[in-house]
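Chains as they are written, first to last, in UniProt numbering: chain A, 1 to 146; chain B, 1 to 146; chain C, 1 to 146; chain D, 1 to 146; chain E, 1 to 146; chain F, 1 to 146; chain G, 1 to 146; chain H, 1 to 146.
A hint or two may mislead.
[To be verified] Only pairs whose alpha carbons sit at most 20 Å apart, straight line, appear in this in silico SDA-like list of lysine to any residue:
1) C:145 - C:135
2) D:87 - D:13
3) E:89 - F:131
4) G:89 - G:52
5) F:89 - E:116
6) A:105 - G:104
7) B:105 - H:141
8) C:105 - D:105
It should be emphasised that the hints constitute simulated quantities derived from the structure, not laboratory data.
None of these values were measured; they are calculated from a predicted model.
Number of protein chains: 8
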Amino acid sequence: MSFYVYLSGEIHTDWRDEIQRGADAAGLDIVFTAPVTDHDASDAAGDHLGKPENGFWRDHQSSKVNAIRTRTMIEQADLVVVRFGDKYKQWNAAFDAGYCAALAKPYITLHSEDIIHPLKEVDAGAQAWCTTTDQVVETLRYVLKA
Amino acid sequence: MSFYVYLSGEIHTDWRDEIQRGADAAGLDIVFTAPVTDHDASDAAGDHLGKPENGFWRDHQSSKVNAIRTRTMIEQADLVVVRFGDKYKQWNAAFDAGYCAALAKPYITLHSEDIIHPLKEVDAGAQAWCTTTDQVVETLRYVLKA
Amino acid sequence: MSFYVYLSGEIHTDWRDEIQRGADAAGLDIVFTAPVTDHDASDAAGDHLGKPENGFWRDHQSSKVNAIRTRTMIEQADLVVVRFGDKYKQWNAAFDAGYCAALAKPYITLHSEDIIHPLKEVDAGAQAWCTTTDQVVETLRYVLKA
Amino acid sequence: MSFYVYLSGEIHTDWRDEIQRGADAAGLDIVFTAPVTDHDASDAAGDHLGKPENGFWRDHQSSKVNAIRTRTMIEQADLVVVRFGDKYKQWNAAFDAGYCAALAKPYITLHSEDIIHPLKEVDAGAQAWCTTTDQVVETLRYVLKA
Amino acid sequence: MSFYVYLSGEIHTDWRDEIQRGADAAGLDIVFTAPVTDHDASDAAGDHLGKPENGFWRDHQSSKVNAIRTRTMIEQADLVVVRFGDKYKQWNAAFDAGYCAALAKPYITLHSEDIIHPLKEVDAGAQAWCTTTDQVVETLRYVLKA
Amino acid sequence: MSFYVYLSGEIHTDWRDEIQRGADAAGLDIVFTAPVTDHDASDAAGDHLGKPENGFWRDHQSSKVNAIRTRTMIEQADLVVVRFGDKYKQWNAAFDAGYCAALAKPYITLHSEDIIHPLKEVDAGAQAWCTTTDQVVETLRYVLKA
Amino acid sequence: MSFYVYLSGEIHTDWRDEIQRGADAAGLDIVFTAPVTDHDASDAAGDHLGKPENGFWRDHQSSKVNAIRTRTMIEQADLVVVRFGDKYKQWNAAFDAGYCAALAKPYITLHSEDIIHPLKEVDAGAQAWCTTTDQVVETLRYVLKA
Amino acid sequence: MSFYVYLSGEIHTDWRDEIQRGADAAGLDIVFTAPVTDHDASDAAGDHLGKPENGFWRDHQSSKVNAIRTRTMIEQADLVVVRFGDKYKQWNAAFDAGYCAALAKPYITLHSEDIIHPLKEVDAGAQAWCTTTDQVVETLRYVLKA
Numbered sequence: 001m002s003f004y005v006y007l008s009g010e011i012h013t014d015w016r017d018e019i020q021r022g023a024d025a026a027g028l029d030i031v032f033t034a035p036v037t038d039h040d041a042s043d044a045a046g047d048h049l050g051k052p053e054n055g056f057w058r059d060h061q062s063s064k065v066n067a068i069r070t071r072t073m074i075e076q077a078d079l080v081v082v083r084f085g086d087k088y089k090q091w092n093a094a095f096d097a098g099y100c101a102a103l104a105k106p107y108i109t110l111h112s113e114d115i116i117h118p119l120k121e122v123d124a125g126a127q128a129w130c131t132t133t134d135q136v137v138e139t140l141r142y143v144l145k146a
Numbered sequence: 001m002s003f004y005v006y007l008s009g010e011i012h013t014d015w016r017d018e019i020q021r022g023a024d025a026a027g028l029d030i031v032f033t034a035p036v037t038d039h040d041a042s043d044a045a046g047d048h049l050g051k052p053e054n055g056f057w058r059d060h061q062s063s064k065v066n067a068i069r070t071r072t073m074i075e076q077a078d079l080v081v082v083r084f085g086d087k088y089k090q091w092n093a094a095f096d097a098g099y100c101a102a103l104a105k106p107y108i109t110l111h112s113e114d115i116i117h118p119l120k121e122v123d124a125g126a127q128a129w130c131t132t133t134d135q136v137v138e139t140l141r142y143v144l145k146a
Numbered sequence: 001m002s003f004y005v006y007l008s009g010e011i012h013t014d015w016r017d018e019i020q021r022g023a024d025a026a027g028l029d030i031v032f033t034a035p036v037t038d039h040d041a042s043d044a045a046g047d048h049l050g051k052p053e054n055g056f057w058r059d060h061q062s063s064k065v066n067a068i069r070t071r072t073m074i075e076q077a078d079l080v081v082v083r084f085g086d087k088y089k090q091w092n093a094a095f096d097a098g099y100c101a102a103l104a105k106p107y108i109t110l111h112s113e114d115i116i117h118p119l120k121e122v123d124a125g126a127q128a129w130c131t132t133t134d135q136v137v138e139t140l141r142y143v144l145k146a
Numbered sequence: 001m002s003f004y005v006y007l008s009g010e011i012h013t014d015w016r017d018e019i020q021r022g023a024d025a026a027g028l029d030i031v032f033t034a035p036v037t038d039h040d041a042s043d044a045a046g047d048h049l050g051k052p053e054n055g056f057w058r059d060h061q062s063s064k065v066n067a068i069r070t071r072t073m074i075e076q077a078d079l080v081v082v083r084f085g086d087k088y089k090q091w092n093a094a095f096d097a098g099y100c101a102a103l104a105k106p107y108i109t110l111h112s113e114d115i116i117h118p119l120k121e122v123d124a125g126a127q128a129w130c131t132t133t134d135q136v137v138e139t140l141r142y143v144l145k146a
Numbered sequence: 001m002s003f004y005v006y007l008s009g010e011i012h013t014d015w016r017d018e019i020q021r022g023a024d025a026a027g028l029d030i031v032f033t034a035p036v037t038d039h040d041a042s043d044a045a046g047d048h049l050g051k052p053e054n055g056f057w058r059d060h061q062s063s064k065v066n067a068i069r070t071r072t073m074i075e076q077a078d079l080v081v082v083r084f085g086d087k088y089k090q091w092n093a094a095f096d097a098g099y100c101a102a103l104a105k106p107y108i109t110l111h112s113e114d115i116i117h118p119l120k121e122v123d124a125g126a127q128a129w130c131t132t133t134d135q136v137v138e139t140l141r142y143v144l145k146a
Numbered sequence: 001m002s003f004y005v006y007l008s009g010e011i012h013t014d015w016r017d018e019i020q021r022g023a024d025a026a027g028l029d030i031v032f033t034a035p036v037t038d039h040d041a042s043d044a045a046g047d048h049l050g051k052p053e054n055g056f057w058r059d060h061q062s063s064k065v066n067a068i069r070t071r072t073m074i075e076q077a078d079l080v081v082v083r084f085g086d087k088y089k090q091w092n093a094a095f096d097a098g099y100c101a102a103l104a105k106p107y108i109t110l111h112s113e114d115i116i117h118p119l120k121e122v123d124a125g126a127q128a129w130c131t132t133t134d135q136v137v138e139t140l141r142y143v144l145k146a
Numbered sequence: 001m002s003f004y005v006y007l008s009g010e011i012h013t014d015w016r017d018e019i020q021r022g023a024d025a026a027g028l029d030i031v032f033t034a035p036v037t038d039h040d041a042s043d044a045a046g047d048h049l050g051k052p053e054n055g056f057w058r059d060h061q062s063s064k065v066n067a068i069r070t071r072t073m074i075e076q077a078d079l080v081v082v083r084f085g086d087k088y089k090q091w092n093a094a095f096d097a098g099y100c101a102a103l104a105k106p107y108i109t110l111h112s113e114d115i116i117h118p119l120k121e122v123d124a125g126a127q128a129w130c131t132t133t134d135q136v137v138e139t140l141r142y143v144l145k146a
Numbered sequence: 001m002s003f004y005v006y007l008s009g010e011i012h013t014d015w016r017d018e019i020q021r022g023a024d025a026a027g028l029d030i031v032f033t034a035p036v037t038d039h040d041a042s043d044a045a046g047d048h049l050g051k052p053e054n055g056f057w058r059d060h061q062s063s064k065v066n067a068i069r070t071r072t073m074i075e076q077a078d079l080v081v082v083r084f085g086d087k088y089k090q091w092n093a094a095f096d097a098g099y100c101a102a103l104a105k106p107y108i109t110l111h112s113e114d115i116i117h118p119l120k121e122v123d124a125g126a127q128a129w130c131t132t133t134d135q136v137v138e139t140l141r142y143v144l145k146a
């Protein structure tokens, strides 16, 4: 059966495509899933249900619609990759990591060296820490083919 | 029996004391728990086991020692309060929120209005969002006494 | 140790007091818990967090605050009594029954004979169906003392 | 793999067909499941086992047979839609919602605006509230295709 | 997907075949599973591992080998049918019923009317009680096709 | 804290008293629990709710009331002792054993040598098989004091 | 569907091939999975992430990468075979057995007679103890085909 | 409430006493539990049930009696310390570590530096690795008092 990998976190660079291309090149049988990565669409995920004037409730409504997708995908995944980029708070990525930790779902992190310290609790629950998408692909190759 | 509340997140202001004082003033039977809030002690939690030269492994070792304390306390808690302050990334706070969400452990968030948007996934899983410690105390009072 | 009984549902008659008095008279060691039964206070449970203009979000906010109390109590209970009165929809009572069923938490129902048919799925998951508070007390007495 | 959606609740209007048609038109890969929606057949689900004279036990027997079908389908579902119509008590719909809540199974509600208040606990546990079947279809489209 | 039904209990009559034939005739998409029903083979299930002299340990060894098969099948089943015949103690059938009850796995019983009383706890946890294999088939037909 | 032992099964001999006396003599800190052992009271456990004419439903109603007591006690127990006597079918005892097995709750059996073979599946899931109440007491003594 | 068997433990003899060949010869529909059995590759599983100087952290890093593979495979398995050879400590094999025991995942052991005593706790949680790969194959044949 | 620590593994040195004394000296509120550490008593744990001639079954019987004690204690523990000494295989210690890992129960290991490599999978799942009992005590002190 295919191996399922959910790609959580940063949506402003093409790291998901890099991993997908690397896995394809390595001939790995992986189904990659992800949250909706179109920022505006994601913010508006609940607007068709009526758009609350208050910013908090609009965000609340959209986030709960997004969670239908993301929690199902996380629970189906055999492995989750959590990406922290250089910009933005990305608390949702840390939230997903905590969610995985509580479910004993294996996850690996992908972030640069300069944010090791603030991510130490997130990394402590991870199976591996990668700094490049090549390392993620190599990890997947090892797990599936070695 | 007493109600257990774990106070997660920011360690640079005295919000935990404010909640404790408010709960005492209201006569609530609550046991408050928290991570080690001495920043230096927390960073050095694993140093007595031998201090790795590499920063990553030192953080790793300390975080896993801290997790013995924090995960036990989160699992014992009836409610978790997750605080996001104005400074620092506080990914550990978001991690704790995700951990609670996966366990179906109720949690409430405490943060100012200007970070509603980046916290929308974290707030979407919460039972309530407070902006002041008074609101946290009032929520506790309602839950326990009303 | 004491036996915990959560009394769910209708808040417009004094059925909870009747059961409490009956259990006291029978000398049973039971801790009874309940949702906040002051209707106005319950509807306003979240108003201290800022009252949304829209009725839906005000109800949403208050219900989530109430759930901190009710879900904790249901999970602590050894038995849940779910009361359906003659008035109102009481979908929250049926919701609590479904919640118990999924958790394999034993519950009994308390309702008159004329609503047997619409409650058949709720009763099918219950350990017993009572029509009077005396029957509830007698059931408790049997479970604890016989 | 296909996405499974269980359609719970009201059986007197054709809302299930509307959602099915909308999902087909949108090209969504969804398997819809439902309880037996023929009211008389459902009430008689257990009659082939011998029909108890007493109304309570006939209902009890049939409901337990129906539950073989409904609980299996709810547990297989990735998402549950819970419909509350204008007529009837529909406590079984609220029961299913509570069942989902306890299993952390995502569900959305479908009901008109005039019953927001009595459904507030049910809506508080839902990922979204829809008033039309078009909104349900749009939510499904977003979750699966956006 | 197919519906899985595990047929537990009595191995001295051909009730399994009757149900299989009835389900085939009704065109139901069901995969039936069962323990090893050859009595001598079942008793000797562990003999290839060395046959203990003592009767207790021989039975112990064989039962644990059989459990590899039966527990896996019970856990994969959507429904379990538990048959109590007229002869033998069949404690293993009651054991399987209790196992299902604890897992919230739906099961139905199949036994004649004269053993209602000693089976009352087993029947109390079942979704239905049948006296004939035709009733079992009709129940399956209803659950899958009605 | 005290050790909880639930004594399941046969109700026609005084084996429960023997174990209780033996444990007292050995100074063991054990709380023993048990089902209602007055046969007539147990059969009538649900009669105060209205006595169904049909034997099956009367038994059904009483068994479900009894289960409020027994399942709570089994789940609270650290160890369950399941007794099979010389008379009666005692399918409820085997049911309790299966229930424990599925919950990974340790249980030991107590029965004479001549029913080893029909009880082989029940014994295969047990932590120990005793033939005398003295052996049960000695096992408890070892577990708690050695 | 296929039966999944994870082959845990010793990596210095060809016992996995023997079982595979025996199962093929017997025509069994089994998917066998295993850890990475190339010793050097396994020790280096995390080296592509940067090789820590300290031996402990290199082993730590590689073991956590290996665990992505092994825990997923153990959780997917219907049965685990745990092999203890004549050399090496093989604590990882005993670790896998304990992991299975806690998950109620059936496992069988494969080891020679002279290490019965030190393996007694591991064997006590197993469904069977084999001394030869032929016995393992015969057990699989019985479970799947008898 | 007190913190529960289960001390698993080696029984031939007085490491348990050292930890107990250290914790007492530090004024920590800890309840320490352990398996039966009298080697001969442990091997004979099941002999009062009849001593099987065959060594395998005697060990089997005793191990299952011991497991009543050890599994209950592990499940009650907030933290498990797993000790690997210089002698013996101590597969039971590795088994306990795997058992903890699957339950997400935090554990720490205690062993000398020369067995890092064969214990790498066991250490990978641990929260900390200690080489001295002083380090264990310091870890406990930090977790409970810092």
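Verification of the hints:
A threshold of 20 Å between alpha carbons decides the hint, and for residue 145 (chain C) with residue 135 (chain C) the separation of about 15 Å falls inside it, so the pair holds. Among the hinted pairs, residue 87 (chain D) with residue 13 (chain D) is consistent with the structure: their alpha-carbon atoms are about 10 Å apart, no more than 20 Å. Between residue 89 (chain E) and residue 131 (chain F) the CA atoms are separated by roughly 19 Å; this keeps the pair inside 20 Å, and the hint holds. For the given pair, residue 89 (chain G) sits about 24 Å from residue 52 (chain G) by alpha-carbon distance, which is inconsistent with the 20 Å threshold.
Between residue 89 (chain F) and residue 116 (chain E), the direct Cα distance comes to roughly 12 Å. Compliance with the 20 Å bound is thereby established for this hinted pair. For the proposed pair residue 105 (chain A) and residue 104 (chain G), the alpha carbon gap of about 18 Å is at most 20 Å, so the pair holds. Between residue 105 (chain B) and residue 141 (chain H) the alpha-carbon distance is near 27 Å, which puts this suggested pair outside the 20 Å criterion. For the given pair, residue 105 (chain C) sits about 18 Å from residue 105 (chain D) by alpha-carbon distance, which is consistent with the 20 Å threshold.
Hints 4, 7, counting from the list given before, are not met by this structure.
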